[in-house]
Structure formats: structure tokens, C-alpha cells
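**Student:** With the hints as constraints, model all of the structure from the sequences given.
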Amino acid sequence: MSRPALHRQAFPPNRGKQAILSALIVYLVYAVLALDVSMARIVTGIGNAAHFFDRMFPPNTDPSKLALIWDGMKQSLQIAILSTVVGLSLSLPIGLISARNIAPAWLGGPARVLVMICRSFHPLIVAILFVKAVGFGVLAGALALVVATVGFVAKLFAEIVEEISPKQVEAVRATGASTLSVLLIGVLPQVLPRFAGLSAYQLDSNLRNSTIVGIVGGGGIGAMLFTASQRFDYDVVLTIILIIIATIMTLEFVTARIRKILL
Amino acid sequence: MSDIPLSAAPSAAQHWKRHSPLQSALRTGITVVIVAAVVWSLRTIEIIPEFLYDAPAQTMDLFARMWPLDWAFFPTDIFPALIETINIAALGTVLAIVMALPLSFLAARNVTRSPVARWIAQFLFVSSRSVNSLIWALLFVAIFGPGALAGVLSIAFRSIGFVGRLFGEAVEDAHPGPVEALTAAGAGTMSVLVKGYWPQVQPAFWSIVLLRWDINVRESAVLGLVGAGGIGVALDAAISNLYWDQAGLVLLTIFGVVWISEFVTSRVRARII
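Residue numbers (our numbering), protein chains in the order written: chain A, 103 to 365; chain B, 2 to 274.
Please keep in mind that the hints were generated in silico from the structure rather than gathered at the bench. A couple of the hints might just be wrong.
Sample of chain A residues with no beta-carbon within 12 Å of chain B, all distances over it, derived [what the hints assert, rightly or not]:
1. 160
2. 162
3. 195
4. 203
5. 204
6. 208
7. 209
8. 268
9. 280
10. 281
11. 282
No more than 25 Å apart at the CA atoms, straight line, and that leaves these computed lysine-lysine pairs for DSS-like [said to hold, decoys possible]:
12. A:362 with A:257
13. A:362 with B:18
14. A:257 with A:269
15. B:196 with A:119
Backbone N, C-alpha and C define an ideal beta-carbon position, used for all residues, glycine too.
**Tutor:** Below is the structure:
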């Protein structure tokens with residue numbers, strides 16, 4: 103018989119958690135030191151910032167510049183639209199195949215590996231590879247975002263499909279329906295609303311990324327933004343950023359409304 | 002949720018329709034707009050056929066140039082850059098948390114009563130999210146010069162909106178019971194936040210942080226392309242010099258790191274949530 107403890111602690115300290123947290127803090131201190139940032143650098147930086155904002159304002163509203171910027175933005179929009187449409191039409195079958203409850207392992211395994219590879223690289227890196235493969239321009243950027251779309255939408259779509267209720271699928275199968283009918287009548291109606299939600303999210307995300315693929319030659323406004331910032335034309339940079347933000351916010355608003363109407 | 006008629010034998014009097022006329026008109030309108038947008042994009046996209054025919058050959062050429070990988074490049078250039086990338090991701094995430102936590106309490110309807118304060122917090126989140134981290138990096142490189150500091154700041158500023166919005170929603174979902182009990186006992190604001198809200202939102206907090214850290218590892222790998230430090234600098238240098246064997250090794254390293262970080266996050270998530 104053990105003696106009952108007189109002063110039992112209500113919340114005993116969690117040693118493991120404390121150890122992990124201390125290790126984390128030690129690492130963060132090391133990381134800050136490894137950054138090698140001197141106070142002088144920060145002070146200069148803040149001085150620079152004043153100069154920087156001074157050159158940024160007012161934003162450049164020269165009509166010829168605006169026309170150029172609008173051209174770039176138009177390209178970015180086109181990249182976003184095309185990559186979303188193509189990417190989604192690929193993600194639907196790939197996502198279905200990667201779901202563990204739909205396809206056999208010999209088909210699902212390779213599909214999941216493909217999706218994982220698509221997810222591993224930032225769209226900008228994929229864009230570099232496509233620029234090498236198909237040359238500078240909109241096509242390279244759009245292909246890179248198709249890869250990003252498959253990596254994100256197919257993965258989440260597969261997870262959604264794995265959560266469906268098996269009852270409807272079994273009911274359809276019990277009538278002797280073909281595999282295609284089981285998919286169309288038993289599976290898809292359960293998951294399409296959430297697929298639509300993912301699609302709207304991905305369109306926004308593709309628009310954000312289509313504004314930067316230009317940095318590596320993938321078309322769109324990014325090239326202009328990068329050049330303007332390297333030439334210290336900060337008033338143009340500000341105009342471009344404001345236009346990007348306005349476009350993204352407008353599109354986000356529109357997709358939210360469309361989702362409400364469609365669902 | 003389906004288009005199948007409800008009655009087995011619909012009579013003329015019973016004609017079921019899923020959507021009201023206005024709804025179906027709106028849906029048709031949206032379909033038309035989407036098709037028009039796709040057609041518009043397709044018509045103006047420039048595809049140079051010569052480049053396209055050339056693509057398989059170019060791709061083969063790319064892989065041929067990448068092989069064999071230049072392993073000598075790893076200890077001298079890639080490894081230090083890799084450590085810097087990981088540091089940028091970690092510090093950026095921590096800095097984002099520090100800035101986003103107070104803001105997310107400010108944005109939560111059940112904590113902050115003032116609509117103006119909530120609106121300000123929401124506005125900051127939206128602006129942070131609308132600007133891509135590469136664009137943030139361009140700005141910070143202009144201010145602080147090329148290097149990891151610009152990278153940390155751009156990761157942090159891009160993450161504020163993400164962490165703040167999701168954590169703010171988690172706070173709004175918190176159960177009011179413990180909070181009311183503490184308030185009734187006369188606890189101060191700080192105690193209410195720490196003892197009333199924090200234990201409830203802690204799992205959500207760690208899951209959001211892990212998710213963002215995972216994203217930040219990927220993003221900090223490309224920040225170097227605009228000069229904001231990390232392994233992207235090595236990638237940029239290799240590609241500019243057309244040393245594809247070095248670029249291939251950088252890509253392989255990034256692939257490995259992303260894979261490890263995904264593995265770590267899924268393990269940690271399974272443990273703590």
C-alpha cells in the first residue's frame with residue numbers, strides 16, 4: 103500500500119513538453135544569431151525605408167505605364183483562368199483515383215506519388231523548369247500553375263472522397279450499375295459541392311501566384327514588377343502592387359458570391 | 002442534393018424543379034461568364050509552335066544536363082544555404098505569431114466588442130494575404146538590402162494574415178463557459194485570455210502554426226530568387242550560370258527538405274492534436 107500523497111499537484115509539470123520548448127527556444131536564439139544582423143544594419147534599413155517610401159509615393163499614374171501594367175495584369179488573369187480550368191479537369195480524375203476507397207492500390211499508389219511530386223515544389227521552381235522546356239511566356243507560367251493546382255486540389259479532393267458515406271455507393275452498386283455509373287451517381291453528388299469550394303479557393307490562389315511567375319519568365323505582371331524594382335522605380339512598383347491587391351480582392355469577392363449562388 | 006425527381010411517376014401537376022427561375026438564370030449566367038473567360042484567355046495566349054515542338058527535346062536536354070549531379074557543390078554552397086532557409090522559415094513563422102496573436106484576439110467577435118478595432122485587424126490580415134511573399138521580399142530587399150533578414154520579414158508579413166485569420170476564427174469558436182466563470186470570479190483580462198481562452202484554442206494554435214511552418218519552408222526556398230537569402234540564392238546562381246548539374250542538386254535538396262518537413266508536421270500533428 104502506498105501512502106496517499108498529502109500534497110498532490112493539480113497540474114504536474116510536463117517535463118517532456120518543457121524540454122521540447124526549451125530546445126525550440128535555444129534553436130531560435132541560434133537562428134537569430136546566425137542571421138548575423140547588426141543593429142547598425144537595422145538602423146540603416148529604417149533610414150532606407152523612409153527614403154524608399156518617399157520614392158514610392160505618389161504611385162505612378164502615367165497613362166502609358168498604366169496601359170502596360172494592365173497588359174501584364176491581363177496576362178496574369180489569363181494564366182490564372184487557364185491554369186485553373188485545365189488543372190481542375192485533371193485534378194478531378196486524379197483525385198478520384200488517389201482516394202483509397204475508390205481505386206485499387208496499383209492505380210492509387212502512382213497517382214498519390216504524382217500528386218506528392220506536384221506538391222513538393224513551389225510554383226516558381228516549376229515555372230523555371232517549364233520556361234526551359236517550352237520557352238519564355240504565358241504558357242510556361244500556366245503549366246507551372248496547372249502543376250500547383252493538381253498538387254493542391256487533387257490531394258484535398260482525394261481526402262474528401264475518402265470521407266464519403268459508403269451507403270449510397272453500395273446502393274448504386276447493388277442495382278448492378280457499372281463502375282462509371284457508381285462514380286457518377288453514387289460518389290460525385292456527395293463531393294461536388296466541396297470540389298466547387300476547392301476550385302474557387304484555387305482560382306484565388308492561382309491568381310496570386312500568376313502575379314509572380316513572371317519573375318522567372320513565366321509571363322504576367324511579375325516580370326514588370328521585378329524589373330521595376332531592380333530599376334528602383336518604386337512608384338511603378340507601388341502602382342503594380344496596388345493593382346494586384348485590387349484585382350485579387352475583387353476576384354475573391356466575386357468567387358465568394360458565385361459560391362453562394364451555386365451551392 | 003440530386004436531380005432525381007422525388008415522385009416515381011410525376012404527373013403534369015407535380016413538376017419538381019430544384020431551382021427557382023431566378024436561380025437558374027443566375028446559374029446559366031455564371032456558366033456563360035466562365036466559358037467566356039476561358040475563351041478570352043485562350044484567344045490571347047501566345048503559343049509559339051516552334052517552342053512547343055521543341056519541348057520534349059528541351060526537357061530531355063534539361064535532365065541530361067542535370068545528370069550527374071555536382072555533389073561537390075553540396076558542402077560548400079548548398080548546405081549553408083539550406084540551414085539559412087530553415088532558419089528563415091522558423092524565424093519568420095515565430096515573428097508572424099508574435100504579430101498575429103494580439104491581432105487575432107482583436108479580430109475575434111467574442112473578445113473585442115469594438116467593430117472598428119475588429120475591422121482594422123481584418124484589414125491588416127487581408128492586406129498581408131493579398132501580397133505574395135515574393136512581392137513582400139522585393140519590398141524588404143529594397144529596404145534592408147539582399148539577405149536573410151529580408152527573407153524573415155517577408156515570410157513573417159505574408160504569414161500574419163494566414164495565422165491571424167485562422168487563429169481568430171478558432172478564438173471565436175471557443176466555448177464561453179470557462180470565460181464567463183473566470184469573469185464572474187473577478188479575473189483580469191490577461192487571466193481570462195490565458196486561462197479562459199488559451200487552453201481551448203491551444204490545439205488549433207499548434208495545428209495552424211505547423212501548417213504555416215510547412216508552407217513557409219517551401220516559400221523560403223524560393224525567396225532567394227529575388228535576393229532574400231536561403232537556398233534560392235544558390236538555385237538562382239546555378240541557373241544563371243547554366244550549371245544545371247548544380248541546379249538539379251538544389252532541386253533534389255529542396256525536395257528532400259519539403260518531404261522531411263511534411264513527415265515531421267504530420268507526425269507532430271498526430272501527437273499533439
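**Student:** Each hint should be assessed against the structure and marked as holding or not.
**Tutor:** Here is what the structure says about each hint:
The non-interface label for residue 160 of chain A is consistent with chain B: the shortest C-beta to C-beta separation is roughly 17 Å, beyond 12 Å. Here residue 162 of chain A stays apart from chain B, with its beta-carbon at least about 16 Å from theirs, past the 12 Å limit. Residue placement check: residue 195 of chain A keeps its beta carbon more than 12 Å from all beta carbons of chain B (closest about 19 Å). Taking the minimum C-beta to C-beta distance to chain B, about 19 Å, the non-interface status of residue 203 of chain A holds against the 12 Å cut.
Annotated as non-interface, residue 204 of chain A keeps its C-beta farther than 12 Å from every C-beta of chain B; the closest such distance is 19 Å. The beta carbon of residue 208 of chain A is kept farther than 12 Å from every beta carbon of chain B, the shortest such distance being approximately 23 Å. With a minimum CB-CB distance of about 23 Å to chain B, residue 209 of chain A clears the 12 Å threshold, and the non-interface call stands. Consistency note on residue 268 of chain A: stated as away from chain B, and its beta-carbon is indeed over 12 Å from all of that chain's, at 17 Å minimum.
Listed as a non-interface residue, residue 280 of chain A keeps its Cβ farther than 12 Å from every Cβ of chain B; the least gap is roughly 18 Å. In this structure residue 281 of chain A is separated from chain B by more than 12 Å, as the shortest Cβ-Cβ distance comes to about 19 Å. With a cut of 12 Å on Cβ distances, residue 282 of chain A stays outside the contact zone with chain B, its closest approach being about 17 Å. For the hint pairing residue 362 of chain A with residue 257 of chain A, the CA-to-CA distance comes to about 24 Å; that is within 25 Å, so the pair holds.
Note on residue 362 of chain A and residue 18 of chain B: the hinted pairing holds, with a Cα-Cα distance of about 19 Å set against a maximum of 25 Å. Annotation: proposed proximity of residue 257 of chain A to residue 269 of chain A holds, straight-line Cα distance about 23 Å (limit 25 Å). For a cut-off of 25 Å, the pair hint linking residue 196 of chain B to residue 119 of chain A stands: about 18 Å separates their Cα positions.
Going through the hint list in order, the structure satisfies each hint without exception.
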